[in-house]
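From first to last, the protein sequence lines stand for chains A and B. The numbering of the first sequence is numbering that gives the first Met the number 0, which starts it at 0 and goes up by one. The numbering of the second sequence is numbering that gives the first Met the number 0, which starts it at 0 and goes up by one.
Hints are computed from structural coordinates only; laboratory data are not their basis. Ideal Cβ positions, reconstructed from N, Cα and C, are used throughout, including at glycine. Warning: the hint list may mix true and false statements.
A few chain B residues facing chain A, derived, Cβ under 8 Å [unchecked claim]: (1) R164; (2) D198; (3) G215; (4) S219; (5) R221; (6) R225; (7) Y226; (8) P458.
Partial list, computed: chain A residues near chain B (C-beta under 10 Å) [what the hints assert, rightly or not]: (9) V24; (10) D40; (11) H48; (12) I105; (13) F108; (14) N127; (15) G128; (16) F151; (17) F161.
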Amino acid sequence: MSHGGEQLLSPVYGLMAEFDTPTDVLAAAKAAYADGYRNMDAYSPQPVHGLAEAIGFHKNRVAFVCLVGALLGLATGFALQVWINLVAYPLNIGGRPLYSWPSFVIVCFELTILFGGLSACIGMFALNGLPMPYHPVFNVPEFAAATRDRFFLCIESVDPKFDMTGTRSFLEGLNPESIAEVPY
Amino acid sequence: MSDNHPVQNANGTEYYQPPVLAPGHTFETITDKISAIVLTSGISLGWLALLAISAGVAGLLGIAATYLLYKGVGIWGINIPVGWGFAIVNFVWWIGIGHAGTLISAILLLLKQSWRNSINRFAEAMTLFAVMCAGLFPVLHTGRPWLAYWLFPYPNTMQVWPQFRSPLVWDVFAVSTYFTISLVFWYTGLVPDLGTLRDSAKNKVARFVYGMLALGWRGSARHWHRYETAYLLLAGLSTPLVLSVHTVVSFDFAVGIVPGWHTTIFPPYFVAGAIYSGFAMVLILAIPIRAAYNLKDFITDRHLDNMAKFMLATGLIVAYGYIMEGFVAWYGGNPYELNMFMNRLTGFYAPEYLGLVFINIFFVNILWWPKVRRSPVALFFVSVVILIAMWLERFVIVVISLQKDFLVSSWGEYIPTKWDWATYIGTLGFFFAAFLLFIRVLPMISIFEMRDLLPASKPHEVEVHS
Chain A
0 MSHGGEQLLS
10 PVYGLMAEFD
20 TPTDVLAAAK
30 AAYADGYRNM
40 DAYSPQPVHG
50 LAEAIGFHKN
60 RVAFVCLVGA
70 LLGLATGFAL
80 QVWINLVAYP
90 LNIGGRPLYS
100 WPSFVIVCFE
110 LTILFGGLSA
120 CIGMFALNGL
130 PMPYHPVFNV
140 PEFAAATRDR
150 FFLCIESVDP
160 KFDMTGTRSF
170 LEGLNPESIA
180 EVPY
Chain B
0 MSDNHPVQNA
10 NGTEYYQPPV
20 LAPGHTFETI
30 TDKISAIVLT
40 SGISLGWLAL
50 LAISAGVAGL
60 LGIAATYLLY
70 KGVGIWGINI
80 PVGWGFAIVN
90 FVWWIGIGHA
100 GTLISAILLL
110 LKQSWRNSIN
120 RFAEAMTLFA
130 VMCAGLFPVL
140 HTGRPWLAYW
150 LFPYPNTMQV
160 WPQFRSPLVW
170 DVFAVSTYFT
180 ISLVFWYTGL
190 VPDLGTLRDS
200 AKNKVARFVY
210 GMLALGWRGS
220 ARHWHRYETA
230 YLLLAGLSTP
240 LVLSVHTVVS
250 FDFAVGIVPG
260 WHTTIFPPYF
270 VAGAIYSGFA
280 MVLILAIPIR
290 AAYNLKDFIT
300 DRHLDNMAKF
310 MLATGLIVAY
320 GYIMEGFVAW
330 YGGNPYELNM
340 FMNRLTGFYA
350 PEYLGLVFIN
360 IFFVNILWWP
370 KVRRSPVALF
380 FVSVVILIAM
390 WLERFVIVVI
400 SLQKDFLVSS
410 WGEYIPTKWD
420 WATYIGTLGF
430 FFAAFLLFIR
440 VLPMISIFEM
450 RDLLPASKPH
460 EVEVHS
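Make the full structure from the sequences, and use the hints.
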């Protein structure tokens, strides 16, 4: 029951403050980061520029995953055609050399795009930890508005600086619309 | 974004430019207005009637395809010398229509044309359905569609592989990649909106289905950061892709030596023609739905105007292509090429050729007139005419070139049969039926990208000192 013991120590996932505008949530996120909080996340119905950086998120590896996928696609396309034309099924087509690379360009290109695009999409969802139909933040009824018109900042209980009363009063100082405990 | 004030042009005269998003909207009104179309429990009679008609017409496709499987491609009018007929005409036509959706979603995103936010979702859906219709034709045209998987390279007991020097194999890769990436792009764009629908739906089944499709999207700042990167990357990858697809389709012709096909102008001229016809289809869909669902706040006259300008620009590129074809036929000194061109002008299919020349070189200039570009009724009519002209263009390219090539003994005409027509009209029914179902169950306008258009979505600079 080590897991249960952990839950006893922190019966909540975190404390969540609700804001009206992107400016407010951005200010709150910056304030929380400046105050020393690190384990937090902000939620918004549409991207708010600078919000991810404000909560200390800088390592975005989606582009790298996409690049690796695209190069892999390129290599696959080229290797596939060279192997088929030179080894598996050599055909004399109008006297052209077996290794007629200009005619391989298009399939190489298409597979570069295909693998790159799939890597960007699947990589993005995987790095985001999605699909994840259940998440503690959904336990807060007000959170339904996070996909409509409200902005949220959630300071998580795993943060070393987290403290029920201290964090709550810190969040209150940021003038939120409401504050809610996020149960597990 | 909603620059709802008079704009000065170069001469200093002021004119009124309609906004991209009508004034007075908030995050909430945008969300509610778009999601209400999907989340309402009622089914409107008009929608049901249209669905019944298009599904009925799609049934024609079912009948035609079934009879084709039973009898073989002989039920179509194709024969030597014209072996490509309607199947390839319609393939090129449909896939061209799809191009506008990708241009709107990818190229205009990279160019920061924020007006595309109101039209990208349904234009992408249009792309998907158009590519489905397109893909059907070459598969049926193979004669043995149940063996269509032979088109792909896979290890098999026959020990044979596709012939990678053939443009037809390139086409398989181009079209299947295009469909896959369009689907991925469309779905990625949908995920945040599916989250919105999950959180707004009252119906339990709807909540569950949208919830599963939304993958647990919760709008985390970290997620949005990666999401925007992925979205931009997909746009960046789709941009060369969309230009390449019709290029590869044009290679199906241009790599051959048939007079009328063997020309280097085909790739750019095909791509321009694709975007031209695609915007016509986007307008044909946008004009009725913005009236039926009262979406004039989101799809404003500015959108119609911009799309009409796109049609005009690409239409004129196509017109240039026709003029160059004529010039090269005369200047090139190739008697077969000249014969082909004279056959277009005076031969069996001269009415088709002259019709498309009239529409795409002369009639399209009507779009220079701002009144036409801002009148939904006129624009709808112009779009229908343009789609017909672009269909005729593909008919002329495919059929006239094959009809009379090098040997007089192998000349012949192609007359489409009722089964050709049934298959073609059937795909139109399928397309509209699929589109009607789409606008009923998924948000036809991207909700989060519309919210992003509001000035309120841009945070002010905030300074925090610890």
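Here is what the structure says about each hint:
1. R164: holds, 4 Å
2. D198: Where the cut-off is 8 Å and the nearest Cβ of chain A is about 4 Å from D198 of chain B, the hint holds.
3. G215: holds, 4 Å
4. S219: holds, 5 Å
5. R221: The hint holds - R221 of chain B has a Cβ within 8 Å of chain A, the shortest such distance being about 5 Å.
6. R225: The hint holds - R225 of chain B has a Cβ within 8 Å of chain A, the shortest such distance being about 5 Å.
7. Y226: Interface hint status for Y226 of chain B: holds (6 Å vs cutoff 8 Å).
8. P458: Holds, because the Cβ-Cβ distance from P458 of chain B to chain A comes to roughly 4 Å (cut-off 8 Å).
9. V24: Since the shortest Cβ distance to chain B is 8 Å, the answer is holds.
10. D40: Given a least distance of 5 Å, the restraint on D40 of chain A holds.
11. H48: Check passed: Cβ of H48 of chain A comes within 7 Å of chain B, closer than 10 Å.
12. I105: Nearest chain B Cβ about 4 Å off; hint holds.
13. F108: With Cβ-Cβ at 6 Å, under 10 Å, it holds.
14. N127: holds, 5 Å
15. G128: Nearest chain B Cβ about 8 Å off; hint holds.
16. F151: Constraint on F151 of chain A satisfied, holds at 8 Å.
17. F161: violated, 17 Å
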